[in-house]
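Trainee: Single-letter residue listing:
2 protein chains.
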Amino acid sequence: MEFQLDHAKDILRRTPATLTSLLQDVSDEWLFSNEGPDTWSPFDVLGHLIHGEETDWIPRAKMILEHGEQRAFVPFDRFAMFEKSKGKSLRELLATFEQLREESLQQLDELNLTPELLTKRGKHPELGVVTLSELLSTWVVHDLSHIGQIVRVMSKQYSESVGPWRAYLPILSR
Amino acid sequence: MEFQLDHAKDILRRTPATLTSLLQDVSDEWLFSNEGPDTWSPFDVLGHLIHGEETDWIPRAKMILEHGEQRAFVPFDRFAMFEKSKGKSLRELLATFEQLREESLQQLDELNLTPELLTKRGKHPELGVVTLSELLSTWVVHDLSHIGQIVRVMSKQYSESVGPWRAYLPILSR
Chain A
1 MEFQLDHAKD ILRRTPATLT SLLQDVSDEW LFSNEGPDTW SPFDVLGHLI HGEETDWIPR
61 AKMILEHGEQ RAFVPFDRFA MFEKSKGKSL RELLATFEQL REESLQQLDE LNLTPELLTK
121 RGKHPELGVV TLSELLSTWV VHDLSHIGQI VRVMSKQYSE SVGPWRAYLP ILSR
Chain B
1 MEFQLDHAKD ILRRTPATLT SLLQDVSDEW LFSNEGPDTW SPFDVLGHLI HGEETDWIPR
61 AKMILEHGEQ RAFVPFDRFA MFEKSKGKSL RELLATFEQL REESLQQLDE LNLTPELLTK
121 RGKHPELGVV TLSELLSTWV VHDLSHIGQI VRVMSKQYSE SVGPWRAYLP ILSR
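Line by line, the protein sequences are chains A and B. The numbering of the first sequence is my numbering, which starts it at 1 and goes up by one. The numbering of the second sequence is my numbering, which starts it at 1 and goes up by one.
Treat the hints loosely; a few may be bogus.
With a straight-line Cα cutoff of 30 Å, these simulated BS3-like cross-link-like pairs (lysine-lysine) come out [stated by the list, open to error]:
(1) A:62 <-> A:123
(2) B:86 <-> A:9
(3) B:62 <-> B:9
(4) A:88 <-> A:9
(5) B:120 <-> B:88
(6) B:88 <-> B:9
(7) B:88 <-> B:123
(8) A:123 <-> A:88
(9) B:9 <-> A:86
(10) B:62 <-> A:9
(11) A:88 <-> B:9
(12) A:84 <-> A:9
These aren't lab readings, by the way, just hints derived from the structure by calculation.
One chain only, chain A, in its complex shape (with noise of 0.2 Å):
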């Protein structure tokens, strides 16, 4: 499937739903468990798409449009979610995550962006260079992606609870 800005949008535009049918007044134990050290649960996976939208998406598309190849993107942070999560509730992380992708939409909308425009290239700090349909490319499998982790972290609570059933439950083995 070649990248086409309608369907990426497509997807773009349903992830604050899907995060809120997903994890809206679940139990803290669906929300807050883990894989184990150093891994994430549903709620800092919410915390880190939240970053993502203020420092990622839009400001890389931004950049490549304005500096191209001059100037390589800010590296991301992905643990800043632990210290600016703090304190909130699930339900303030939704709706911040909801807000800000709608004004990343808005955004994106006024880019105005052409078929000669997507294929503008950046510099990634550690990849190199990268052009700005594979960042809009990237930044839908990376929703996704992260809707895949939470299912998997949801799942894996129930790893033993499954019993033999286990052998046919791959997402268990992940």
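Fit chain B to the known structure of chain A by using the hints.
Mentor: Leaving out everything else, chain B in the frame of chain A:
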């Protein structure tokens, strides 16, 4: 996390809304693409979940309560949905799944399960002896696992489009 009926229902009642958020009105490219020959599209997965409501979870729970280990479950047909979903729209399948899940949860309540009943044993045609709480835990993980499958299948449509970012996205290699 130990199995608790309330925790399990907390997840089971969410799945229809989560699938609606993820899939309703999404373009056909996202909905009908799969991971290659003999793999399932998001549309196929939804049909599989419907077939589970009809033939797997509550019927097996009743079988355990009524027949214990005396009678093995009817084997689950993992391919029935290819025929049954034919000609149906996604909206029809989502509505069917939502209604069937509501009925399943209603029936689950009507079983008036006690901690003692949850330890009752049944017979799986391949796995042998299983308990009712293991069946219900598996129902939860099965839901979460298929949400994970759907987002993985959708992600893979952009395996090439993400360019060098692929290195950071393990979901694309599963």
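Trainee: If you draw a straight line from the CA of residue 62 of chain A to the CA of residue 123 of chain A, is it 30 Å or shorter?
Mentor: Cα-Cα ~12 Å, so holds.
Trainee: So if I understand the rule, the pair passes when the alpha-carbon distance is 30 Å or less; does residue 88 of chain B with residue 9 of chain B pass?
Mentor: Holds, at about 28 Å.
Trainee: What's the verdict on residue 88 of chain B and residue 123 of chain B, does the C-alpha distance respect the 30 Å limit or exceed it?
Mentor: violated, 34 Å
Trainee: Check the hint pairing residue 84 of chain A with residue 9 of chain A against an upper bound of 30 Å on the C-alpha distance.
Mentor: OK: residue 84 of chain A and residue 9 of chain A at ~27 Å, within 30 Å.
Trainee: Take the C-alpha atoms of residue 88 of chain A and residue 9 of chain B, compute the straight-line distance between them, and say whether it is at most 30 Å.
Mentor: Holds, at roughly 26 Å.
Trainee: Given the hint that residue 120 of chain B pairs with residue 88 of chain B, test it: the Cα-Cα distance must not exceed 30 Å.
Mentor: violated, 38 Å
Trainee: Between residue 62 of chain B and residue 9 of chain A, does the CA-CA distance stay at or below 30 Å?
Mentor: This hinted pair is violated, its Cα atoms lying about 44 Å apart.
Trainee: What's the verdict on residue 9 of chain B and residue 86 of chain A, does the C-alpha distance respect the 30 Å limit or exceed it?
Mentor: Within the cut-off at roughly 28 Å; holds.
Trainee: Check the hint pairing residue 88 of chain A with residue 9 of chain A against an upper bound of 30 Å on the C-alpha distance.
Mentor: Holds - the C-alpha atoms of residue 9 of chain A and residue 88 of chain A are around 28 Å apart, at most 30 Å.
Trainee: Does residue 88 of chain A sit within 30 Å of residue 123 of chain A, going by the straight-line distance between their CA atoms?
Mentor: violated, 34 Å
Trainee: Between residue 62 of chain B and residue 9 of chain B, is the straight-line Cα distance small enough, at 30 Å or below?
Mentor: Between residue 62 of chain B and residue 9 of chain B the Cα gap is close to 17 Å, so the pair holds against 30 Å.
Trainee: Do the alpha carbons of residue 86 of chain B and residue 9 of chain A lie within 30 Å of each other, as the hint requires?
Mentor: holds, 28 Å
In this structure, the earlier hints numbered 5, 7, 8, 10 are contradicted, and the remaining ones agree with it.
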